[in-house]
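Let chain A serve as the given structure and place chain B on it in line with the hints.
If you read the protein sequences in the order shown, they are chains A and B.
Throughout the first sequence, residue numbering follows the working numbering, covering 47 to 211 in sequence.
Throughout the second sequence, residue numbering follows the working numbering, covering 11 to 411 in sequence.
To be clear, the hints were calculated from the coordinates, so they are not data collected in a lab.
Quick caveat, the model's predicted, so the values are computed rather than measured.
All C-beta atoms, glycine included, are put in the ideal place defined by N, C-alpha and C.
There may be inaccurate statements among the hints.
Stated by the list, open to error - In silico DSS-like cross-links for lysine-lysine, where the CA-CA straight-line distance does not exceed 27 Å:
id	chain 1	residue 1	chain 2	residue 2
1	B	K70	A	K148
2	B	K283	A	K140
3	A	K148	B	K366
4	B	K366	A	K80
5	B	K384	B	K58
6	B	K75	A	K203
7	B	K114	B	K263
8	B	K318	B	K331
What the hints assert, rightly or not - A few chain B positions that, by computed beta-carbon distances, are all more than 10 Å from chain A:
id	residue
9	P34
10	V42
11	N208
12	I215
13	E260
14	I268
15	S270
16	V282
17	E287
18	Q294
19	D297
20	L326
Unchecked claim - What follows is a set of in silico ranges between Cβ atoms, one per label pair, in the way DEER data are often shown:
id	chain 1	residue 1	chain 2	residue 2	range
21	A	S161	B	E183	47 to 55 Å
22	A	A74	B	D362	25 to 33 Å
23	A	E208	B	R169	25 to 33 Å
24	B	E301	A	P185	36 to 44 Å
25	B	E183	A	A61	38 to 46 Å
26	A	D107	B	P82	42 to 50 Å
27	B	K320	A	W196	27 to 35 Å
28	A	W196	B	A341	30 to 38 Å
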Amino acid sequence: MPFAPAVTDLEQLKAHSALATLLAGNPAAVQAAKFDRDELTVWIEKGSIREACSILRVAPDCPFNYMCDITCVDWFPAEPRFEVVYHLLSIPNKQRVRLKAKLEGSSPVIESITSVWPAANFYEREIFDLFGVRFSGHPNLQRIMMPDDWEGHPLRKDYPVEGYR
Amino acid sequence: MDQFPATPVVDPGQDNTMILNMGPQHPSTHGVLRLLLEIDGETILRIKPDIGYLHTGIEKTCEAKFYQQVVPLTDRIDYLCPLTNNLTYCLAVEKLLGLEIPPKAQWMRVLLNELTRINSHLVWLGTHAMDIGAMTVFLYCFREREDILRLFEMVSGQRMMTSYFRIGGLALEPPLGFFDKARDFARRFPERIDQYENLLTENPIWTMRTKGVATLSTEDAIALGASGPTLRASGIDFDLRRDMPYSGYENFKFNVPIASEGDVFARYMCRVKELRESIGMVQQALDGMPEGPIKADAPKVVLPDREKMKTQMEALIYHFKIVTEGFAVPAGEVYQAVESPRGEMGYYIVSDGTAKPYRVHMRAPSFANLATLKKMCEGRLIADVVAAIGSIDIVLGDIDR
Numbered sequence: 047m048p049f050a051p052a053v054t055d056l057e058q059l060k061a062h063s064a065l066a067t068l069l070a071g072n073p074a075a076v077q078a079a080k081f082d083r084d085e086l087t088v089w090i091e092k093g094s095i096r097e098a099c100s101i102l103r104v105a106p107d108c109p110f111n112y113m114c115d116i117t118c119v120d121w122f123p124a125e126p127r128f129e130v131v132y133h134l135l136s137i138p139n140k141q142r143v144r145l146k147a148k149l150e151g152s153s154p155v156i157e158s159i160t161s162v163w164p165a166a167n168f169y170e171r172e173i174f175d176l177f178g179v180r181f182s183g184h185p186n187l188q189r190i191m192m193p194d195d196w197e198g199h200p201l202r203k204d205y206p207v208e209g210y211r
Numbered sequence: 011m012d013q014f015p016a017t018p019v020v021d022p023g024q025d026n027t028m029i030l031n032m033g034p035q036h037p038s039t040h041g042v043l044r045l046l047l048e049i050d051g052e053t054i055l056r057i058k059p060d061i062g063y064l065h066t067g068i069e070k071t072c073e074a075k076f077y078q079q080v081v082p083l084t085d086r087i088d089y090l091c092p093l094t095n096n097l098t099y100c101l102a103v104e105k106l107l108g109l110e111i112p113p114k115a116q117w118m119r120v121l122l123n124e125l126t127r128i129n130s131h132l133v134w135l136g137t138h139a140m141d142i143g144a145m146t147v148f149l150y151c152f153r154e155r156e157d158i159l160r161l162f163e164m165v166s167g168q169r170m171m172t173s174y175f176r177i178g179g180l181a182l183e184p185p186l187g188f189f190d191k192a193r194d195f196a197r198r199f200p201e202r203i204d205q206y207e208n209l210l211t212e213n214p215i216w217t218m219r220t221k222g223v224a225t226l227s228t229e230d231a232i233a234l235g236a237s238g239p240t241l242r243a244s245g246i247d248f249d250l251r252r253d254m255p256y257s258g259y260e261n262f263k264f265n266v267p268i269a270s271e272g273d274v275f276a277r278y279m280c281r282v283k284e285l286r287e288s289i290g291m292v293q294q295a296l297d298g299m300p301e302g303p304i305k306a307d308a309p310k311v312v313l314p315d316r317e318k319m320k321t322q323m324e325a326l327i328y329h330f331k332i333v334t335e336g337f338a339v340p341a342g343e344v345y346q347a348v349e350s351p352r353g354e355m356g357y358y359i360v361s362d363g364t365a366k367p368y369r370v371h372m373r374a375p376s377f378a379n380l381a382t383l384k385k386m387c388e389g390r391l392i393a394d395v396v397a398a399i400g401s402i403d404i405v406l407g408d409i410d411r
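Same shape as in the complex, but just chain B:
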């Protein structure tokens, strides 16, 4: 036991309080979050998150890889929205390179990102409801999530670690039948959201456990750096997709759901409404999907098609060079942020002009959202902590990187 600190991380207070250790292997901490609670009876006096159990040094690993080799690493940061991570990284490198992405690739990126958002929100809704005791919702959510994972498998060959976006476009053309399957899903899904809402939104047990619980004021939400639905449920009308659009989001019509209460129920309502907006955007992307190439016209950066690589000398040379020595990216630095299901996912990339990034930093939304937990929970009951953790929708891979 030498590797654990001998002294408790939270100092014991008076004699009537005790330290309760929650996690790191606790089903309702959504991964390996460890919480140290100082409690007086059932009331929480202090709460201290202890993180780092999933720290794998991805930022350091990125510095040793070529730019194109970083894409699969980004999947593993926030494993519930791998395509959002892919997109953020690709957009950042494309910004460094000054690449123009063809419309079809942009629309596919939006389509898949909104499916990813639905996928991530379904996992959140299922686990959050199960934490509070509503088992059925979990089974329903994972039923629909399975359909989305099948769509991901169709385009990328992988259910979770997709790595489907490439610097300069997409890895492959979407396969035959993909759009039909996606359309089928988009047609079925809105009614499924009604099913979840029927189980929860007016359920008295659900509202008692969530309304007025773990409130976060507008000022605190901004001061603590909350983002995404956590910020919007506290009354801030800010969504990067609408306010600082990227990847062609300016072509889509959608509403940004906000709420002012700042409690667990408000965050729940924001995310459920986002499900409806996202499926609307999936529908728009399917209806308006442009024709054309899926990769930018940049032979030094984008791998050539297999067909060309086997028939044209030029293409073979570029293929060989990109794979063996990467491509140089002009020196500079960019910060690219996108609205991930959890909030502002940002990549800060510094290039020194070589084929490997000098520094890659991920601004993880869960990392900042976790900081709000202290404000939400202190003075409340232990059972509310479970509701609060579920409501900020953290992914520990995202926090620890």
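Okay, chain A solo, but in the shape it has when bound:
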């Protein structure tokens, strides 16, 4: 059952309500979009991520009212190095959307979305702990998995899987 090739054209993807809502709300924030393997991904300009989330959360026709997951991918040594990945779910419409924001490797900072969903609190702490991405406006940005005095961020690609670090 091979999947149809990925669609990246914004015009074609406007039929998806998540993208249409974002384009109507703040077209400058949408950098790109991709529909691949039945999943919609939208790249958001990093300064607008909180705004994009709050637009989607209350979108009238398809409210993405539930924040499933936040995680991060390290594309070391490429730049921009980090991609913060948000998975949102619309419980009434049973749809998912993935938002992504790219961050440069030197001092990765992005706005926290804890004011939109308090659920983001633990997830953002986890990303801070394991990737070293900072979230501005987070109420308690501390390590969550590793000990407080740990050095380094284990899920970064330049952090070895085993052996001397």
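Leaving out everything else, chain B in the frame of chain A:
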């Protein structure tokens, strides 16, 4: 003692409050959860979970393994529902590969997943009841759990770390006599649920300890990312098995129990009703089990049968290649979520086109459900914390990964 932070993690407030440390080795924190409670007498002013004691870096380890080698690692995340983890991971990789899974494998997956749900709910019910002081239920629950573990042992050779699902299907044909044993269990079990309910549901001590305790409103449940029975007990009618079906769940008839009170009792009732729905699904899976292959027809991904491997050159070559160099997965990314006993278990896998995953992230239901504890407990008594922890059914392996 240098490795512990010198300053208390919760700052002391006024003089009449004190900081109480609960865990990490506390029998009612279900593993190694450490809670810092700021209390005024018996009343909780603030609560702060401290996690990470079981952090083993599974996400990092996955990046160094071939795709098929990750399956046993997934067992160890949520050790009360290993087959659900296996399933989520396999479904995610199969989605990346675009593999079609034969019906028998799908039905077996559903059958075993529902048995896993019963297994996990039995551990939850037993320990939760014991936390509140009902010892008998624990013994009853573990009696039935033993039967389920025997079924798991029959199919996979392991009681807990099953690793029975493979990318593309199942590891082995279910052995002779497995379906009879499973049918026997499905016949006996509903009456056992009555036994548990007789001990608890109308027991005045139980209802006093659970009704109206640790309430979570609908808005808070959504805002805090609760999922599974914790979400449904707060009045949200959402179940991934029904609303976003996977692995052939659309062929099964079942109800999704919900409650609106959002308290410990509502979560208890939701899970107990789920036990009945799950055993119904086990029965349906046994009755309608299709015949046919248990592995997808994809020789580059699925290991050949032992018989073929020893008699056919082709099969031997594929076997050798899969074991030594893995199989390349087309570049891309997927997020696959399934309804685990605790809630939405999701795997986000990024592939860069090689034989090892570039990034594997698990969306752990316990991790998000733990965040609701603060809302549930603040302003209540210490004894309610024990009831609340039991009612959100957390597994620390799942939280810390």
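The hints, checked one at a time:
1. B/K70 <-> A/K148: Holds. B/K70 to A/K148 sits at ~21 Å (cutoff 27 Å).
2. B/K283 <-> A/K140: With Cα atoms ~24 Å apart, B/K283 and A/K140 stay inside 27 Å; holds.
3. A/K148 <-> B/K366: At roughly 23 Å apart (the allowed maximum being 27 Å), B/K366 and A/K148 satisfy the hint.
4. B/K366 <-> A/K80: Satisfied, since the Cα-Cα distance of roughly 23 Å is no more than 27 Å.
5. B/K384 <-> B/K58: Given pair B/K384, B/K58 holds - Cα atoms ~7 Å apart, limit 27 Å.
6. B/K75 <-> A/K203: OK: B/K75 and A/K203 at ~14 Å, within 27 Å.
7. B/K114 <-> B/K263: 18 Å, holds
8. B/K318 <-> B/K331: 15 Å, holds
9. P34: Holds, because the least Cβ-Cβ distance between B/P34 and chain A comes to about 13 Å, which exceeds 10 Å.
10. V42: 13 Å, holds
11. N208: About 35 Å separates B/N208 from the closest Cβ of chain A, which puts it past 10 Å; holds.
12. I215: 34 Å, holds
13. E260: 13 Å, holds
14. I268: The claim holds: B/I268 sits with its nearest Cβ about 13 Å from chain A, beyond 10 Å.
15. S270: Holds: least Cβ distance 16 Å, greater than 10 Å.
16. V282: At about 24 Å from chain A, B/V282 clears the 10 Å cut-off, so the statement holds.
17. E287: 20 Å, holds
18. Q294: Answer for B/Q294: holds, closest chain A Cβ roughly 23 Å.
19. D297: 27 Å, holds
20. L326: At about 27 Å from chain A, B/L326 clears the 10 Å cut-off, so the statement holds.
21. A/S161 <-> B/E183: 47 to 55 Å: Distance hint for A/S161, B/E183 holds at roughly 53 Å.
22. A/A74 <-> B/D362: 25 to 33 Å: 30 Å, holds
23. A/E208 <-> B/R169: 25 to 33 Å: Check passed, 29 Å falls within 25 to 33 Å.
24. B/E301 <-> A/P185: 36 to 44 Å: Roughly 57 Å apart at Cβ, these two residues miss the hinted range, so it is violated.
25. B/E183 <-> A/A61: 38 to 46 Å: At roughly 44 Å between Cβ atoms, A/A61 and B/E183 fall inside 38 to 46 Å, so the hint holds.
26. A/D107 <-> B/P82: 42 to 50 Å: Cβ of A/D107 to Cβ of B/P82: about 44 Å, so the range 42 to 50 Å holds.
27. B/K320 <-> A/W196: 27 to 35 Å: 49 Å, violated
28. A/W196 <-> B/A341: 30 to 38 Å: Since A/W196 and B/A341 have Cβ atoms about 32 Å apart, the given range 30 to 38 Å holds.
Comparing the model with each numbered hint stated earlier shows that hints 24, 27 do not hold.
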